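Chemist: Whenever a hint applies, use it, and build me the whole structure from the sequences.
All residue numbers for the sequence shown refer to the working numbering, where the first residue is 1 and numbers rise by one.
In case anyone wonders, no lab produced these hints; they're calculated from the structure.
Just so you know, not all the hints are guaranteed correct.
To be verified - Label pairs and their computed distance ranges (CB to CB):
hint, residue 1, residue 2, range
1, Phe425, Trp245, 40 to 46 Å
2, Lys455, Ser121, 55 to 61 Å
3, Phe448, Gln246, 14 to 20 Å
Said to hold, decoys possible - 25 Å max Cα-Cα, derived DSS-like pairs, lysine-lysine:
hint, residue 1, residue 2
4, Lys455, Lys317
5, Lys454, Lys317
6, Lys454, Lys313
7, Lys96, Lys249
8, Lys313, Lys455
9, Lys312, Lys96
10, Lys313, Lys221
All values derive from a computational prediction rather than experimental measurement.
Yeah, the Cβ is synthetic: ideal placement off N, Cα and C, and Gly gets one too.
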Amino acid sequence: MIPLNKVVRSIRDAFRFTGTGLTLGQKWRLALPGPVLSVGGVLIHNVFIKYYTDMIGLSPKYVGWVYIIYNIWNAINDPMIGVWIDKMRHRPNRGKYVYIMRVTVPFMIISSFLMMLSSPSWDQWLIFLLYTVELFIYDTAATAYSVAYQSYTLIAAPTKEERVDVNVIQNYISQGLSFLITMIPTLLLVGDGKREVIIPVFSAVILLETIFFTLALRGLKDDAKMYETLNNQQPEMTNMWSESWQIIKSRSFLTYVLYSIITVGPIGFYFTPYLYYMDDVLQTGGIVATLVDAGTHVIALIFLPVMGNIVKKYGTKISIYWGTITAVLGYGGIFFANNIWTAATSYIMIVFTVNYIKTAISPMGALIIDENERTIGVRKTGLFNGLFSLFTVAFSSIQTVIFINVIGAYGYDGLAATQSESAVFGIRLATGVVPLIAVIIGLIPIAFYPFDKKKEEEISTFSNYARRGGP
1 MIPLNKVVRS
11 IRDAFRFTGT
21 GLTLGQKWRL
31 ALPGPVLSVG
41 GVLIHNVFIK
51 YYTDMIGLSP
61 KYVGWVYIIY
71 NIWNAINDPM
81 IGVWIDKMRH
91 RPNRGKYVYI
101 MRVTVPFMII
111 SSFLMMLSSP
121 SWDQWLIFLL
131 YTVELFIYDT
141 AATAYSVAYQ
151 SYTLIAAPTK
161 EERVDVNVIQ
171 NYISQGLSFL
181 ITMIPTLLLV
191 GDGKREVIIP
201 VFSAVILLET
211 IFFTLALRGL
221 KDDAKMYETL
231 NNQQPEMTNM
241 WSESWQIIKS
251 RSFLTYVLYS
261 IITVGPIGFY
271 FTPYLYYMDD
281 VLQTGGIVAT
291 LVDAGTHVIA
301 LIFLPVMGNI
311 VKKYGTKISI
321 YWGTITAVLG
331 YGGIFFANNI
341 WTAATSYIMI
351 VFTVNYIKTA
361 ISPMGALIID
371 ENERTIGVRK
381 TGLFNGLFSL
391 FTVAFSSIQT
401 VIFINVIGAY
411 GYDGLAATQS
421 ESAVFGIRLA
431 TGVVPLIAVI
441 IGLIPIAFYP
451 FDKKKEEEIS
461 TFSNYARRGG
471 P
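Modeler: Right, dumping it as structure tokens:
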């Protein structure tokens, strides 16, 4: 029989962060800028979709076309932004990565504000055109911010364990901020919302987002000493495509981005389906939808450190395999649910699965970059992160297109007081079955992912030595 004190110690250790390397305070400081960006992503790519279909009256067909154009633009600009950031040198008077983040914030804030000003009285083509242009501006700035932040994080947190801990903290902050940012829109968009009320509320949300950005980037270290250990490549644009191809065809890159496209992107798009599901399938009010959403995320957040420690102990591949269990329970349950309690329980499983899988894959991109540096002796952080963004960000919106087109094909009408049985089935299908299929198919590329736990530890040791000069 296992002694009680050992059981208690094991449970306590499961909720702890790694003690070596960065302090807990440094990890929190490093984690702050990322979640603030994710708040904008929730607003733009989740809340605004329902706002445009239900409040503005834009046809789901046009929303789908907006995101098709968005994907094409990402295919062009993401690698170029990555190379541009690689070419950019650190300047003593302004820094590099943190400077890029600060410059891009105003573009994201202004374009977010403009998106909510479209009027239902405008022609469909005009709403479509302005929505597309504003999304273009937002995405370009957000991509530059994201690539710069990811590159900065890899320098400041060189080991796999530190990166997992930072990711867990990012999840805590992201979920907390996202809940605060989306709580009021959830109350307003589920049920009978009024545009005259929503616009002032969204304005307040964007103001809060601006304050969060300012606080997260204030005083962030970006001195020359951080860049001394980097043998950065200074690539020419003419070589960008050949170098990109060498990266893209590598097994580690292919398996990572395929899993991100097939599984991570689709399951990450769960809040918008939740709004439609609660509003049109269960026909709950905004208060009930908010309470279920809040309670679900609190339960998932409690176990974030446990998720991180599972990944550290078993490695990426095995950890992802375990996540399939909760995925089947959650997505299968939400498809068949016929009452609020079954739906809430299933939603807990879904949110747990999303956070668990995102925690499991959090070190993958960094490990691929570190292994490439270990092999060729040159670090191509910007190019790698640009290519990661090309696939993981751009193609993640495929699920948005699929969701909108599925519910549209089954007869969803955003202006109707009650949806038809066919439309309700379409929402169930798009919310439960489609992401579950994505989880199962995603196991194929993960099976070919070349890094087991031992290999991940070797790469992490190299990165720590390269940045800090010792184990």
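Chemist: Does the structure keep Lys455 and Lys317 at a Cα separation of 25 Å or less?
Modeler: holds, 12 Å
Chemist: Does the Cβ distance between Phe448 and Gln246 fall inside 14 to 20 Å?
Modeler: 19 Å Cβ-Cβ, so the 14 to 20 Å window holds.
Chemist: Sort out whether Lys455 lies within 25 Å of Lys313, counting only the CA atoms.
Modeler: holds, 13 Å
Chemist: Does the beta carbon distance between Phe425 and Trp245 stay inside 40 to 46 Å, or does it fall outside?
Modeler: holds, 43 Å
Chemist: Taking only the CA atoms, is the gap from Lys313 to Lys221 under or equal to 25 Å?
Modeler: violated, 31 Å
Chemist: Checking one constraint from the list: CA of Lys454 to CA of Lys313, max 25 Å. Satisfied?
Modeler: Holds: Lys454 and Lys313 sit about 11 Å apart, inside 25 Å.
Chemist: Can you confirm whether the C-alpha distance between Lys96 and Lys249 stays at or below 25 Å?
Modeler: At roughly 30 Å apart (the allowed maximum being 25 Å), Lys249 and Lys96 break the hint.
Chemist: That 55 to 61 Å hint for Lys455 and Ser121 (C-beta), does it hold up?
Modeler: holds, 59 Å
Chemist: Holds or violated: are the alpha carbons of Lys454 and Lys317 at most 25 Å from each other?
Modeler: holds, 12 Å
Chemist: Between Lys312 and Lys96, is the straight-line Cα distance small enough, at 25 Å or below?
Modeler: violated, 31 Å
The structure does not agree with the numbered hints 7, 9 and 10 stated previously, though it agrees with the rest.
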